[in-house]
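*Asks:* Model the full structure from these sequences, guided by the hints.
Residues 3 to 309 in the numbering used here are what the sequence shown lists, from first letter to last.
By construction, these hints were calculated from the structure, which means they are not laboratory data.
Heads up, the beta-carbon is just placed ideally off N, CA and C, and yes, glycines get one too.
Certain hints may be false.
Using C-beta positions, here's what the derived DEER-type ranges look like [stated by the list, open to error]:
| # | residue 1 | residue 2 | range |
| --- | --- | --- | --- |
| 1 | ASP19 | LEU190 | 22 to 30 angstroms |
| 2 | MET219 | LEU190 | 36 to 44 angstroms |
| 3 | PRO133 | LYS221 | 34 to 42 angstroms |
| 4 | GLU40 | SER228 | 18 to 26 angstroms |
| 5 | LEU261 | GLY118 | 28 to 36 angstroms |
| 6 | ALA275 | ALA79 | 40 to 48 angstroms |
In silico PhoX-like pairs for lysine-lysine, Cα to Cα no more than 25 angstroms straight-line [what the hints assert, rightly or not]:
| # | residue 1 | residue 2 |
| --- | --- | --- |
| 7 | LYS273 | LYS231 |
| 8 | LYS259 | LYS231 |
| 9 | LYS231 | LYS266 |
| 10 | LYS221 | LYS231 |
| 11 | LYS266 | LYS221 |
| 12 | LYS221 | LYS273 |
| 13 | LYS259 | LYS273 |
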Amino acid sequence: MQVPAKPPKLSAPIDVDRVRLLFSRPARVQDGDFLRREIAHRMHERLQLVRLAPQRVLDAGCGSGADLALLHKAYAATQVIGIDASEPMLRSLPGQPGRQSALNQLLGKLLPAKSGIDLLCGDFADLPLGPNTVDLVWSNLALHWHPQPDRVFAEWRRVLRVDGLLMFSCFGPDTFQEVRAAFADVDLAPHTLPFVDMHDFGDQLVEAGFATPVMDMEKLTVTYDSADKLLADVRALGGNPLTTARKGLLGRGGHAKLLAGLEKNRRADGKLALTFEVIYGHAFRPAARMTKDGEAIIRFDPSRRGR
Numbered sequence: 003m004q005v006p007a008k009p010p011k012l013s014a015p016i017d018v019d020r021v022r023l024l025f026s027r028p029a030r031v032q033d034g035d036f037l038r039r040e041i042a043h044r045m046h047e048r049l050q051l052v053r054l055a056p057q058r059v060l061d062a063g064c065g066s067g068a069d070l071a072l073l074h075k076a077y078a079a080t081q082v083i084g085i086d087a088s089e090p091m092l093r094s095l096p097g098q099p100g101r102q103s104a105l106n107q108l109l110g111k112l113l114p115a116k117s118g119i120d121l122l123c124g125d126f127a128d129l130p131l132g133p134n135t136v137d138l139v140w141s142n143l144a145l146h147w148h149p150q151p152d153r154v155f156a157e158w159r160r161v162l163r164v165d166g167l168l169m170f171s172c173f174g175p176d177t178f179q180e181v182r183a184a185f186a187d188v189d190l191a192p193h194t195l196p197f198v199d200m201h202d203f204g205d206q207l208v209e210a211g212f213a214t215p216v217m218d219m220e221k222l223t224v225t226y227d228s229a230d231k232l233l234a235d236v237r238a239l240g241g242n243p244l245t246t247a248r249k250g251l252l253g254r255g256g257h258a259k260l261l262a263g264l265e266k267n268r269r270a271d272g273k274l275a276l277t278f279e280v281i282y283g284h285a286f287r288p289a290a291r292m293t294k295d296g297e298a299i300i301r302f303d304p305s306r307r308g309r
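*Replies:* In structure tokens:
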């Protein structure tokens, strides 16, 4: 796997095994699908502005697989590959085996692209795919659960073909700000991820070798009648996978303080608000300008000879 020249940047002390555990029960995270579907729709609108005819598409962090159908519908003659670290999530997909054998993974590296949908269980920062084998990497609300996004970008660039497109979404720093404020009345332990700023992601894309990265952001507000339902959606969208998370339960008193902290922000219409800062990014893999030996690559366009 290609890695950046600089030491990897730790976005947060995320326990990857804890992330897998959080997503190991599909029913537990199902309540968060409304937001994933809305963001997928907005990503697809952006994708339609790009002229692209991919042979192979990778959905990195495909989860319950809803985006696989969206991508297959958009590119019917394309092989769509979904990869996710949670085997139970993959097994929950109707009509899918949930896991491929080592032989199938090897064949995936060697054989030309075919149409249809295939699934792989694994880390999207260590893909079981050969270099220059994917035309589009798509990732919807998954990147923020990985502790080393710079390594993820380097790996996604490795598998992309020249002029291939990366398109992703993830949460930004203002996500769950109401929950963090309410927990501040309970203790000093971190209870949500310290999500990465979009400008840092843009810098990492450039360092990984992507060209013309475009980053933008929007804030969405979801309202709730009860604090318990709000907290259930926070858990459904990933919970707290930090190694520095508080050990043990809050207790009755701590939970009461948390609910009181949330209730302080109940709006005039009687609703509780939850903020989501959604970051969108896309970038292309450019043609190499240098050989492995450090020699410059100069390209000539035969059609321009004699002009």
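*Asks:* Hints numbered earlier in the text: which of these fail when held up against the supplied structure?
*Replies:* Going through the list in order, the structure violates hints 2, 5 and respects the others.
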